[in-house]
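Here's the letter readout for the chains.
2 protein chains.
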Amino acid sequence: MNNFTYSVPTTVHFGKGQISQLTDSVKLYGSRVLLVYGGGSIKKNGVYDAATALLKENNIFYVDLDGVEPNPRVETVARGAALCREHDIDVVIALGGGSSIDCAKIVCAATNYDGDPWDLIIGTGSVPETVLPLIAVLTLAATGSEMDPVAVISNMTLNRKLSIGHPALRPKVAIMDPEYTFSVPKYQTASGTADIFSHTLESFFSPVRSAYLQNQFCLAILKTCMKYGPIALEEPDNYEARANLMWASSWAINDTLKKGNEIGWSVHPLEHELSAYYDITHGVGLAILTPHWMRAVLSEETVDRFVTLATELYGFDASLPAMELADLAIDATAKFFFETLGLPSTLKEVGIDETHLEAMAHNCKARLSQGFVPLTPEQNLEIYKAAL
Amino acid sequence: MNNFTYSVPTTVHFGKGQISQLTDSVKLYGSRVLLVYGGGSIKKNGVYDAATALLKENNIFYVDLDGVEPNPRVETVARGAALCREHDIDVVIALGGGSSIDCAKIVCAATNYDGDPWDLIIGTGSVPETVLPLIAVLTLAATGSEMDPVAVISNMTLNRKLSIGHPALRPKVAIMDPEYTFSVPKYQTASGTADIFSHTLESFFSPVRSAYLQNQFCLAILKTCMKYGPIALEEPDNYEARANLMWASSWAINDTLKKGNEIGWSVHPLEHELSAYYDITHGVGLAILTPHWMRAVLSEETVDRFVTLATELYGFDASLPAMELADLAIDATAKFFFETLGLPSTLKEVGIDETHLEAMAHNCKARLSQGFVPLTPEQNLEIYKAAL
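Protein sequence lines correspond, in order, to chains W and E.
Residue numbers for the first sequence follow our numbering, so the first one is 1115 and each next one is one higher.
Residue numbers for the second sequence follow our numbering, so the first one is 1115 and each next one is one higher.
Bound conformation, chain W alone (with noise of 0.2 Å):
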């Protein structure tokens, strides 16, 4: 196991109700507010009226910055740094998924940065010592944004879409109440389920094998989304199902699997090329190329980590060879992404063809490189290519 230190202190208030927590996490921080949040959703859902009318009753001012997109764009982490300067705003409230968390985090962070919010991303501008506080209130099971410290944003000019991770970044407050989650869509709470599944199975392909505990969790959370996924689809108001999902999708991101561990990060950054140049769920690229990106990687040194998932994750005997179990594997997580959750299998479902496959698989050439395996642009070009 590695070195490492965990400090993970986000306060999270879990459950029916929880958003009556809202107006005292907002008074330890402050008293005027920017409310974070994308498009209807969370109007036809009864959160913005649940947290609006509470922040009225207590006095506490706010201001919108509403239409976060899906991939949210650093234009609009522009716009709502400039909306807290104007107002004076002392505590950000996301209302949403992972897209208006992450464009609240970074809102915290540039309200105080005298430049550009995109050199925060890329790094050429540090994250400032006063960033804003961020409480997160969860409607949507899939990034784990509530509980970590990283933000992806897009520059659709530039065709990227980058992540930036700063322990000033992590909300100080969560509030996730299940029953938020019961109006997601089928599609949604599929693609939500995917990228908890694939967080926690870039996690589980660590080139650390010393890091049993942290493996077993992933386990643990792997198990989780297998059970509740297709609960959640067919009973979109099942409690339970809705309350594990929700709280799995914490803990896939939330530096419990991470820490002692080496994580490459390797899907996740060849699908933010497909995110960049094309906009599609981030859950659903994720799907598509996981099973492509196993196969890339199976290898003699490999095998042992598709062992431990066909056998104790997905049950097949432990006396068959390696490399056939390693195959079950591969073939049985895809089998959850597209028969059980039923997502697209192929880019060219979402509308991806070969156009932008050699510059995509360019571009994440730094990140790729020190993935689980490393891999080369031709590797990653291969990879793209399976998937169409």
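Fair warning: there could be bad hints in the mix.
[Claimed, not checked] Dumping the calculated DSSO-like pairs for lysine-lysine here, alpha-carbon to alpha-carbon at most 30 Å: (1) Lys1462/E with Lys1479/E; (2) Lys1286/E with Lys1170/E; (3) Lys1337/W with Lys1130/W; (4) Lys1462/W with Lys1300/W; (5) Lys1141/W with Lys1141/E; (6) Lys1130/E with Lys1170/E; (7) Lys1479/E with Lys1286/W; (8) Lys1141/E with Lys1158/E; (9) Lys1337/W with Lys1158/E; (10) Lys1337/W with Lys1170/W; (11) Lys1286/W with Lys1170/E; (12) Lys1337/W with Lys1462/E; (13) Lys1479/E with Lys1449/W; (14) Lys1341/W with Lys1170/E.
FYI, nobody ran anything at the bench for these hints, they're computed from the structure.
Given chain W's structure and the hints, the job is docking chain E onto it.
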């Protein structure tokens, strides 16, 4: 899944040489330190020398509270609180295992409390707002006190061993170097592993069946104990085994398994009575009692938990009848404690006879009435007798 608030803000520095983080950790909170520790082990294994050398190099004042008992006494707490007041201490460092850390927690709370520290334990006094910050330097994988908000303190005059939980008691920083546990003797390694296993089993046996993710995390920790307990006994300086056990010790009780669940804490109150009367090793008492407690609570209503243990932890054939699987799970648990870990299997072996059984069975009445299965004093007595 039940509603909950989750907040585990302890910063953990884990791995080889992490003692180097000690002085920066102290400086976050002050410059005058109380060092709390037990017997000679930390002087033999180099922890004391390493810590004090760092404090001296950085001109940090310190004074010692030594001689903390394996079941720490309230008189020792009082002595520590007096030292803190006398020397104007602003940070407490515990060096050792759960005993030193538990004692230090109540020293932190009692320093600014005007009454008898025992008031804090029995709840007739309140933990003051000004609790001193605690840094735990862990040298034993067992109680998980390094990352939890609970302390267990004994009053041998009254034959009471009681626990108190309060968020302010959670260590601010934990420094966990698995190498510090290389010199832990076999018996303590085995009983520490039994302690981790038992904490986890108490969480697993919850009346809440819908906290599936948490239950899968339980299985992850139980598997870690089963994999690495025997290795640590055979190869005391196996870093991978010591690291996994150490990190598992924290996760068994840092609130992650408990939140969303309802944990009755059944075997622990039964064991605390043994320690209160006989001062035996906590993990050993837990191991002796656990299989008998399992038999006492097995019924048609509870058999599903046993079946999950039998199939998912111990790998028995799921097609067997439920009650047969339950028996197999109990036998496998006993085998793990008494054969694999080599711990004593009867109360007589640790010097306990019938003398105080009735008093003990009565004393733990209140706690046991809220357990996984509520138990009467008569049932408690049956468990004790079966364990003789």
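Structure-based check of each hint:
1. For the hint linking lysine 1462/E to lysine 1479/E, the alpha-carbon distance of about 23 Å falls within 30 Å, and the restraint holds.
2. Straight-line distance between C-alpha atoms of lysine 1286/E and lysine 1170/E comes to about 22 Å, which keeps the hinted pair within the 30 Å bound.
3. For the suggested pair lysine 1337/W and lysine 1130/W, the alpha carbons sit about 24 Å apart, so the restraint of at most 30 Å is met.
4. The suggested pairing of lysine 1462/W with lysine 1300/W holds, with an alpha-carbon distance near 21 Å, which does not exceed 30 Å.
5. Of the supplied pair hints, the one linking lysine 1141/W and lysine 1141/E holds, its CA atoms being roughly 29 Å apart against a limit of 30 Å.
6. For the suggested pair lysine 1130/E and lysine 1170/E, the alpha carbons sit about 21 Å apart, so the restraint of at most 30 Å is met.
7. The straight-line distance between the Cα atoms of lysine 1479/E and lysine 1286/W is roughly 40 Å, outside the 30 Å bound, and the hint therefore fails.
8. This hinted pair checks out: lysine 1141/E and lysine 1158/E have alpha carbons roughly 27 Å apart, not beyond 30 Å.
9. Distance check on the hinted pair: lysine 1337/W and lysine 1158/E sit about 44 Å apart at the alpha-carbon level, beyond 30 Å; violated.
10. The straight-line distance between the Cα atoms of lysine 1337/W and lysine 1170/W is roughly 42 Å, outside the 30 Å bound, and the hint therefore fails.
11. With a C-alpha separation of about 36 Å, the suggested pair lysine 1286/W and lysine 1170/E falls outside the 30 Å cut-off, and the hint is violated.
12. For the hint linking lysine 1337/W to lysine 1462/E, the alpha-carbon distance of about 43 Å lies beyond 30 Å, and the restraint is violated.
13. For the hint linking lysine 1479/E to lysine 1449/W, the alpha-carbon distance of about 52 Å lies beyond 30 Å, and the restraint is violated.
14. Between lysine 1341/W and lysine 1170/E the CA atoms are separated by roughly 55 Å; this puts the pair beyond 30 Å, and the hint is violated.
Checked against the numbered hints above, the structure breaks hints 7, 9, 10, 11, 12, 13, 14 and satisfies the rest.
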